[in-house]
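*Asks:* Each chain is listed here by its residues.
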Amino acid sequence: MHLLYFAWVRQRVGLGEEDIAPPPAVRDVAGLVAFLAARSPGHAAAFADPRQIRCAVNQEFADPTTPVGPEDEIAFFPPVTGG
Amino acid sequence: MHLLYFAWVRQRVGLGEEDIAPPPAVRDVAGLVAFLAARSPGHAAAFADPRQIRCAVNQEFADPTTPVGPEDEIAFFPPVTGG
Amino acid sequence: MTPRVTVQAAPFDLAAEMTALLAGRVDVGGLASFVGLVRADEGLAALTLEHYPGMTERAIAGIAAEACGRWPLTGCTVIHRVGRLPPGAPIVLVLTASAHRAASLEACAFLIDWLKTGAPFWKREEFADGRERWVEAKAADDAAALRWAR
Amino acid sequence: MTPRVTVQAAPFDLAAEMTALLAGRVDVGGLASFVGLVRADEGLAALTLEHYPGMTERAIAGIAAEACGRWPLTGCTVIHRVGRLPPGAPIVLVLTASAHRAASLEACAFLIDWLKTGAPFWKREEFADGRERWVEAKAADDAAALRWAR
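Protein chains in written order, with our numbering: chain A, 1 to 83; chain B, 84 to 166; chain C, 167 to 316; chain D, 317 to 466.
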C-alpha cells in the first residue's frame, strides 16, 4: 500500500510518501486512518481531527467507507485551495 | 439643427448628415420624423417604419416625445448591433 | 480609476492591454477578458462596423463607469473596432481586473452583454456571393427599443 | 477537441495560448479568459502551491471534458502553476473559445470556480514578518467535504 501526504498532513507526518503493510483488519479508509494515527507522534498529529482530512484512493476522491487494499495508492491531504 | 444618419438610415436617406431648419411646429422627435419623411423619397423610405428607427438627441438616446431645438444634434439609426 | 475606452479601426494588443492593467500592482487577484471575433457563418466574407463618433465612446465610458460602481474593479478596458473586418478578426475586447475573481468575471460579462444591446454600433455583412445585409438586432438585444416604444 | 491541461512551475504565455486556440479558425465568436494572480494581502511575501502530480492533471482534464460537454466549446485551455510565487505573479489561466459569447463566458466561470473547490492544490502563505500558514478552504469552497462527511 503506497501512501502520499500533502500540505500540512505531509509536514505533520514528516514524510511525503511511505509504503506500509497494515494488518488485514484495515479494510477501508476509516480503518486506515485509525491505524495510521497510532503509527507515530507525527501521524497522530496529522490525523488528530479527521474532519480536516481529505482522502483519495487511486487518485479519486474517497470517503471513510471506500475500500483499500495492498495495491492501492492512497493520499491524505487538507481541503483543497487551488485557483 | 444638425442631423446625422447611420447604417441603413444613412443609405436610404442618401446622406450621412445635413443641417435643416424645420418650421416652429416641429417641437419633438415625433414631429421631426414626420417632417423628415416628407422631405425626399429617400427620407420617406428611411422613415417608412418608425418602429425600426432609433433616435439620439445630443448623443443621448431619445424617444418620440423628446424635445428638439435649433441647436440640437439629432441622430437617426437602426437598433444597435455591436459587440 | 478611469476605464480605458477606445473605438478604433486598428487591431488591439491584448497582452499589452493586460500588462497595462497589472503593471506595478499586487492587489489584483483576477483578470477576466472577453474577445469577440468575426465568424464566417453562411459564407460571410467580411463584416463592416459603423459607429456614431462621440456618442459611442461616451456611451461605453458611461457603462464602464457603471460597472466600476457595481463591482470593485481595479482596472477596466473596452476596445471596440470599426471598419471592414475579415472572418477571424477580433472585433471587441473587454478586460476587467479586481481583487476577487467573481467581480472580474461578472463585470466582464455585464460589459459585453451591454455592448451588444446599448452601444451605437451597426454591422453590415458581406457574403462570398456578393449579397450584403445589415445585421438585425434581436428583440432580446434591443434595449433601446423600450425607450422609443413606451 | 481535447482540452489542453497543464500544471507547471513556469509562467504561461497568455497571448500564445490564445493564438493557439484561434489559429486557422473562423468559427470562434467569443474567447473568454480568466487569469488568477497572487495578491499581496496582509503583507504576503510569497505563495507556494503544492499539487498531487497525476491526480491534479486528471482531475482538471475531467472537469474540462465536462465543460466541453455542457457548452459547445471550440477550444479550452487550463494552466495552473505550482511552486513559490511572488505577489503579482499569475497563478492560473482558463481560456474558453466558442461560437457564442455566452458559452465561452459561462464555461470560463464554471472552470475557475471548480478549480477553487475541486482540484488538488494547496496554498501556503509566507508573510514579510516570517509567519507561514496554509490557506484554509472556505466552507463554501470545499466541495470534497461532502464526500467525506456523509
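Warning: the hint list may mix true and false statements.
Derived Cβ-Cβ restraints for the label pairs, each shown as a range [claimed, not checked]:
#1 D:THR322 - C:ALA265: 20 to 28 Å
#2 D:ALA418 - B:ARG134: 26 to 34 Å
#3 B:ARG110 - C:PRO177: 41 to 49 Å
#4 B:ILE103 - C:ALA181: 29 to 37 Å
#5 D:ARG320 - A:SER40: 21 to 29 Å
#6 D:GLN324 - C:ALA268: 22 to 30 Å
#7 B:GLU154 - D:ARG320: 37 to 45 Å
#8 A:ALA38 - D:PHE443: 51 to 59 Å
What the hints contain is simulated information worked out from the structure, not anything from laboratory work.
Glycine included, every Cβ here is placed at the ideal spot set by N, Cα and C.
*Asks:* Work down the list of hints and note, for each, if the structure agrees.
*Replies:* Structure-based check of all given hints:
Range check, THR322 (chain D) to ALA265 (chain C): Cβ separation about 26 Å, and the 20 to 28 Å hint holds. Taking the beta carbon of each, ALA418 (chain D) and ARG134 (chain B) are about 27 Å apart, inside 26 to 34 Å as hinted. A beta carbon spacing of about 46 Å between ARG110 (chain B) and PRO177 (chain C) agrees with the range 41 to 49 Å that was offered as a hint. The hinted range of 29 to 37 Å is not satisfied by ILE103 (chain B) and ALA181 (chain C), whose Cβ atoms lie roughly 48 Å apart.
Separated by about 42 Å at the C-beta atoms, ARG320 (chain D) and SER40 (chain A) break the suggested range of 21 to 29 Å. Roughly 26 Å separates the CB atoms of GLN324 (chain D) and ALA268 (chain C), a value that falls within the hinted 22 to 30 Å. Checked against the hint of 37 to 45 Å, the pair GLU154 (chain B) and ARG320 (chain D) fails, with Cβ atoms roughly 58 Å apart. Under the hint 51 to 59 Å, the C-beta atoms of ALA38 (chain A) and PHE443 (chain D), about 35 Å apart, miss the expected range.
When each numbered hint is compared with the structure, violations occur for hints 4, 5, 7 and 8.
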